[in-house]
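*Asks:* As a plain string of letters, each chain reads:
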Amino acid sequence: AQKVTQAQTEISVVEKEDVTLDCVYETRDTTYYLFWYKQPPSGELVFLIRRNSFDEQNEISGRYSWNFQKSTSSFNFTITASQVVDSAVYFCALSELYNNNDMRFGAGTRLTVKP
Amino acid sequence: DSGVTQTPKHLITATGQRVTLRCSPRSGDLSVYWYQQSLDQGLQFLIQYYNGEERAKGNILERFSAQQFPDLHSELNLSSLELGDSALYFCASSSRPSLAADTQYFGPGTRLTVL
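So the protein lines, in turn, are chains A and B.
Just so we're aligned, residue 1 is where the first sequence starts under this note's numbering, counting upward by one.
Just so we're aligned, residue 1001 is where the second sequence starts under this note's numbering, counting upward by one.
One thing to keep in mind: the hints can contain errors.
[As the list claims (entries may be wrong)] SDA-like, lysine to any residue: derived pairs with alpha carbons at most 25 Å apart:
1. Lys1057/B to Phe47/A
2. Lys38/A to Ser1024/B
3. Lys3/A to Gln57/A
4. Lys1057/B to Gln2/A
5. Lys1057/B to Glu26/A
6. Lys1057/B to Arg51/A
7. Lys1009/B to Ser87/A
8. Lys38/A to Pro1108/B
9. Lys38/A to Val19/A
10. Lys1009/B to Asp1029/B
11. Lys1057/B to Ser1024/B
12. Lys38/A to Gly1042/B
13. Lys1057/B to Asn52/A
14. Lys1009/B to Ser42/A
15. Lys38/A to Thr1113/B
16. Lys1009/B to His1073/B
17. Lys3/A to Gly1058/B
18. Lys38/A to Ser1002/B
19. Lys1009/B to Arg110/A
20. Lys3/A to Val24/A
21. Lys38/A to Asn52/A
22. Lys38/A to Gly1003/B
23. Lys70/A to Thr1103/B
24. Lys3/A to Ser74/A
25. Lys1057/B to Pro1070/B
[As the list claims (entries may be wrong)] Have a look at the derived ranges for each label pair, beta carbon to beta carbon:
26. Asp29/A to Glu1075/B: 26 to 34 Å
27. Gly1016/B to Ser61/A: 44 to 52 Å
28. Gly43/A to Asn1059/B: 20 to 28 Å
[Unchecked claim] Non-contacting residues of chain A with respect to chain B, defined by C-beta distances greater than 12 Å in every case (computed):
29. Glu17
30. Asn58
31. Gln83
32. Pro115
I should point out that these hints are in silico values taken from the structure, not numbers from a laboratory.
Being a predicted model, the structure only gives us computed values, none of them experimental.
For glycine and all other residues, C-beta sits at the position ideal for the given N, C-alpha and C.
Pulled out of the complex, with its shape left as it was, chain A reads as follows (with noise of 0.2 Å):
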């Protein structure tokens, strides 16, 4: 069965640091797709990426940058030069592609960024 872990509960960091936020995952499928959605304090989540389970190049986003290690199990998220507005939780997902779009989530990492 398909199971995400993000062992941090919480994170706290000083402005303009560099924090990476961990991210592993288990599946059976060799077809699937990951998945990072920000939730800040007001609720909404939003969507950062998609990436699937063939594509191992990280990428890059202004600050953000993603690593993807199929030998690990991990998809991990880093945030560069890190700014208040980035407090907020972050949840990593995983869906199989024959698991019917059954997306499971992690329990998220609440990180703080403080000034």
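Dock chain B against chain A, hints included.
*Replies:* This is chain B only, laid out in the frame that chain A set:
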């Protein structure tokens, strides 16, 4: 703004009651997903509809049901409510039937409180 709308924003009701949550997907999207976010269970996928038909089912209780109407809006019906049903209920939409090649966008959520 994701383009997905949900009403009402907040709902307070008593145990044993029945409520209906409403979701309007983004313009052009045919898929609607429902999720529940609670402190105990985290974020859980409930059910998906695509173009009026049920497409996938997750951890949805028998007391809960959903439907998607010809105008593509969806309703989630929760009956015989229990204290444990108190949660944030999200709706998400996407254009295709599968998350394999698509991204889903979340609405702002409906916060249900059962007293």
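*Asks:* Please go over all the hints and tell whether each is borne out by the structure.
*Replies:* Results for each hint:
1. Lys1057/B to Phe47/A: holds (22 Å)
2. Lys38/A to Ser1024/B: Distance ~21 Å between Lys38/A and Ser1024/B Cα, so the pair holds.
3. Lys3/A to Gln57/A: holds (22 Å)
4. Lys1057/B to Gln2/A: holds (15 Å)
5. Lys1057/B to Glu26/A: Holds, because 20 Å separates the two Cα atoms, which is no more than 25 Å.
6. Lys1057/B to Arg51/A: Given that 25 Å is the threshold and the Cα spacing comes to 23 Å, the pair holds.
7. Lys1009/B to Ser87/A: Cα-Cα ~23 Å, so holds.
8. Lys38/A to Pro1108/B: At roughly 13 Å apart (the allowed maximum being 25 Å), Pro1108/B and Lys38/A satisfy the hint.
9. Lys38/A to Val19/A: With Cα atoms ~15 Å apart, Lys38/A and Val19/A stay inside 25 Å; holds.
10. Lys1009/B to Asp1029/B: Judged against 25 Å, a Cα distance of about 22 Å means the pair holds.
11. Lys1057/B to Ser1024/B: Roughly 19 Å between the alpha carbons, so the hint for Lys1057/B and Ser1024/B holds.
12. Lys38/A to Gly1042/B: holds (14 Å)
13. Lys1057/B to Asn52/A: Within the cut-off at roughly 22 Å; holds.
14. Lys1009/B to Ser42/A: Holds - the C-alpha atoms of Ser42/A and Lys1009/B are around 12 Å apart, at most 25 Å.
15. Lys38/A to Thr1113/B: With a Cα-Cα distance of about 23 Å, the restraint between Lys38/A and Thr1113/B holds, given a limit of 25 Å.
16. Lys1009/B to His1073/B: holds (16 Å)
17. Lys3/A to Gly1058/B: OK: Lys3/A and Gly1058/B at ~14 Å, within 25 Å.
18. Lys38/A to Ser1002/B: With Cα atoms ~13 Å apart, Lys38/A and Ser1002/B stay inside 25 Å; holds.
19. Lys1009/B to Arg110/A: Holds, at about 23 Å.
20. Lys3/A to Val24/A: Between Lys3/A and Val24/A the Cα gap is close to 8 Å, so the pair holds against 25 Å.
21. Lys38/A to Asn52/A: holds (19 Å)
22. Lys38/A to Gly1003/B: Distance of about 17 Å is within 25 Å: holds.
23. Lys70/A to Thr1103/B: Measuring from Cα to Cα gives roughly 21 Å; hence the hint holds.
24. Lys3/A to Ser74/A: holds (12 Å)
25. Lys1057/B to Pro1070/B: Since the Cα atoms of Lys1057/B and Pro1070/B sit roughly 20 Å apart, the hinted pair holds (cutoff 25 Å).
26. Asp29/A to Glu1075/B: 26 to 34 Å: holds (32 Å)
27. Gly1016/B to Ser61/A: 44 to 52 Å: holds (47 Å)
28. Gly43/A to Asn1059/B: 20 to 28 Å: holds (21 Å)
29. Glu17: holds (27 Å)
30. Asn58: holds (19 Å)
31. Gln83: Since the minimum Cβ distance to chain B is about 21 Å, Gln83/A lies beyond 12 Å and the statement holds.
32. Pro115: holds (27 Å)
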